[in-house]
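2 protein chains.
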Amino acid sequence: MMDVQLTTQALLPRCLTLFPERPVTSLMVAGKNEAGQPTASRHRTTLGQVARRSAQLAGALQQLGVQPGDRVATLAVNSFYHLEAYLGIPSMGAVIHTLNIRLPIEQLVWILNDSGAKVLLLDSMFLPLLPAFRAQCPELKEVIVFSAQVPEGTHGYDDLISSQPETYAWPELDEKSGAMLCYTSGTTGNPKGVLYTHRSLMLHALASGHPDAFGIGQYDVVLPIVPMFHANAWGTVHTALLYGAGLAFTGVFNDGPSVARTLQDEKATMCAGVVTVMLALLEELDRAAAAGQPYDVSALNKIGCGGTAVPEVLIRALYERHGLQMMQAWGMTETSPLATCSNVPAGIDPVSDEGFAHRSKQGRVVPFIEVALLDDHGQPVTHDGATMGRLLVRGPWIAGEYYKRGVTSDFVELDGKKWLDTGDIATISASGEVWVQDRAKDLVKSGGEWISSAEVENALMAHPGVSAAVVVAVPHPKWTERPLALFIPHGDAPSPAELREYLKGHIAKWWIPDDFLAVSELPIGATGKFLKREIREQYKNHVWTDGGMK
Amino acid sequence: MMDVQLTTQALLPRCLTLFPERPVTSLMVAGKNEAGQPTASRHRTTLGQVARRSAQLAGALQQLGVQPGDRVATLAVNSFYHLEAYLGIPSMGAVIHTLNIRLPIEQLVWILNDSGAKVLLLDSMFLPLLPAFRAQCPELKEVIVFSAQVPEGTHGYDDLISSQPETYAWPELDEKSGAMLCYTSGTTGNPKGVLYTHRSLMLHALASGHPDAFGIGQYDVVLPIVPMFHANAWGTVHTALLYGAGLAFTGVFNDGPSVARTLQDEKATMCAGVVTVMLALLEELDRAAAAGQPYDVSALNKIGCGGTAVPEVLIRALYERHGLQMMQAWGMTETSPLATCSNVPAGIDPVSDEGFAHRSKQGRVVPFIEVALLDDHGQPVTHDGATMGRLLVRGPWIAGEYYKRGVTSDFVELDGKKWLDTGDIATISASGEVWVQDRAKDLVKSGGEWISSAEVENALMAHPGVSAAVVVAVPHPKWTERPLALFIPHGDAPSPAELREYLKGHIAKWWIPDDFLAVSELPIGATGKFLKREIREQYKNHVWTDGGMK
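If you read the sequences in order, they're chains A and B. Taking my numbering, I'd label the letters of the first sequence as residues 1 to 550. Taking my numbering, I'd label the letters of the second sequence as residues 1 to 550.
Check before you lean on any hint, since a few could be wrong.
Straight-line alpha carbon distances no greater than 20 Å define the calculated SDA-like cross-link-like pairs of lysine to any residue that follow [said to hold, decoys possible]: (1) A:Lys267 - A:His322; (2) B:Lys176 - A:Asp3; (3) B:Lys302 - A:Ala346; (4) B:Lys404 - B:Gln107; (5) B:Lys302 - B:Arg261; (6) A:Lys418 - B:Asp3.
These are calculated hints, taken from the structure and not from any lab test. The structure presented is a predicted model; accordingly, all values stated were derived computationally and were not measured.
Using the sequences plus the hints, can you model the full thing?
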């Protein structure tokens, strides 16, 4: 067989020749309204235009001295600009290094210095960070702004590329060379970099286009609410480029109304995002329907959701109230990220109770991914759907080391093979269904047993008076730890007694939180997840109303 | 990223754990009826059982001395037996070498000796060939018969594997090692072997499962009418195993009624086969409908067709008369085989005139495949949808050499890259749509210009009085060659004058054949295609009725 390498360069002729007219729309910041909030304008381009401009970008970067293997950083929200960088930078042999815009400046500086990026492309809204980068990132030489008017000492992206030809002499690349770099948001210690290769990105794209995964093809329009700066927007962008799907980007406008309107306007067929974003979308769909002005989201045939365990009540509500199908996917920065999908096994009605139960779990591995469980002593755990263990994963798009750090203790050996220890606690059923119970660090250890905070949260959120819930461990003199629930009420807050009673039918009695606190908001971290570490810290001295479980 | 190899071993845990209950049905020869025709019985098994037995087969072969890299041949029709061999042989590191049952014994002997297979697995119906193999294939040591009762000196498959454990210590494999071997049917000269690697098979399976290709997933039941002994049943079998689709095999029963009944009984959602088989299926569906007893083939949502150019009239008839969707695919033994698919570009109604026109062409490349055209001087030809050239193809599942022969003149260099010269003459449109005009050797060269026999045949077959047509070149004193049409009438044979008149509105006037001969049958070769070489030979002295075109 021919020795043809799997690289992002394969996306270029597909965009240029096969799918040049497929739409790419981006909500851009046009200005500010009287309340100081950004207002949106819609930018329209096509996959063909994006591919031509990505060649121009490659030409411009080459002139700025970018060599194969160099890191080129981005600090940007989702837009056609970012898409052009996604396509052009790896295809010229450089590495696109996406920075998480939600990280504090100290972490951004640390990450930039760790990657040693020479060039930074950024949205103009992040220009205020530039002095810090200039002062503290000695290797950073060139700054390119996704904007027309740019400050002294930076390049305007459109200006810079306009003089370049629309073709580029793409070099021969090895599929195992680096293409993208993304750092985990690292709740403890310094962030860790994951270097994606051309091979891993392209295999991931091939596998995720299938309907048993994300289902992205030439007739689709994909709205990746999930940011391009984190875990490659779950690969949805590469998958769209490979299969010729249109793309709709909402940029900074990821609130429920903006997302709902964009889904409607662009006739999006697929969207993907974390639970918190989807809860906001559901709320807006509900509001509009109640107001007698429902959105027309009839084109939307699949919603991918993940990042944290997806509450069954969310999956049900989207279907029952709006006819929308949500599929849960599981992965992490280190897994590219797609590892499992909750597609419902053949023979089971996806909208039956059984079907919803399957969709509330993390599901089964996509092709070429393997999973296993380890106990605390490093021994394999039975896949019986009940016994919990640390979830291990391996496959051709799973990280085998961290950038510059090599093989850390996050990697373990089992059956003579290398696996990634995900830090998740899960069960796996005999039929291969993964059910993540918790992050290992979020588990509640009560009386020598484990309580899955995720499962308690899932049960709590099914109560009509609860719109979001977080369960954390609080030290307890007798039981080591006991669960505390914090929740954002939906309407009038239900009483702790009512919630306790409600949970009795749904989870083991000793899993029921000892206290329930109604709060008006919960802290959300850089990747859209609730910050349990902060909440645990804040409530570590919580005094149980009645001393907690006896 | 982890160095995880893409091998057929990845199919095993998917069959065993994720999709163990998916059905595999096979029509087996039960006996003979009074007319001496084989009668069928239906065998039922599952993907899980097939995977367990494939491990038993690997154990048995190992005991017989099969080592990694050894060739293990099969001479068999489609069945669960052949499927077990597909899964077990490559996964143990050996190479499954499928023999085309329709080849003459001299070619089979030549091929077996070329591959040097040590072991042969065969259906009992091919036992009469055994003495010839024994006498002429010195390297062949062991013969295993897919049957209960076996002759002296052979092994009965079921007996042989029954004592083996259902697990096997599958060895570590390099994805670039050989997994399957298939010889082209070689109309001239000796057959040429194509060695598929684990990587090429698995990438092909990943890409062909997508709905823009064959569309095979866990909810599907696939009936590959296309034989497993030729071009891997177009990869449909591996794709089914990867994504968890059920399989239905019709074995020797590939006539219209058997196929139609199996599609109905097994609720097949996808089937794939060559044009001649699909014409027989259409005829049977028509017959049954006219008799007031139509088949229920409502589960069938996609028919893949290829091998030769698919007549538009067939695609239309299946839709208009039976509501069935046919997609044309193009490839050859050397291309694994899927290279292009006639999925209709986004924005065009697949059942409009425009949609059918797209589906009558070979379509656009699947991911990671590239195509190009060369003229007779080895220069690239414009992709304008009109200029013909020799079709070149390259990609990670395209052969880069022939087994034991290396890089022959079938491989050419263009833009510093290696390409396969397919021997097809095609146009490619600006939007990448491939339209195969002819095999280079089947083109009619008239007055220094080329006539596409495929296009003339396509036009002829749209006439209601024509059920099949073949157009061949016949030497002509003035024009070098002129086209002669042979056709099998549908009902009363239309007159040459009527066909000539009919074609005037559909093809260039000088492309219209000079004679039209009604025949009762046309010779079909080992891969289900009309044998144009034989027809040309038979009619090379044809005397034109009126001297032919002036």
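Lys302 of chain B paired with Arg261 of chain B [C-alpha distance capped at 20 Å]: holds (17 Å)
Pair hint outcome, Lys267 of chain A versus His322 of chain A [Cα-Cα no greater than 20 Å]: Judged against 20 Å, a Cα distance of about 15 Å means the pair holds.
Pair hint outcome, Lys176 of chain B versus Asp3 of chain A [Cα-Cα no greater than 20 Å]: Satisfied, since the Cα-Cα distance of roughly 9 Å is no more than 20 Å.
20 Å limit on alpha-carbon distance, applied to hinted pair Lys302 of chain B and Ala346 of chain A: Distance of about 18 Å is within 20 Å: holds.
20 Å Cα cutoff - pair Lys404 of chain B, Gln107 of chain B: holds (17 Å)
20 Å Cα cutoff - pair Lys418 of chain A, Asp3 of chain B: holds (9 Å)
Checked against the numbered hints given earlier, the structure satisfies every one of them.
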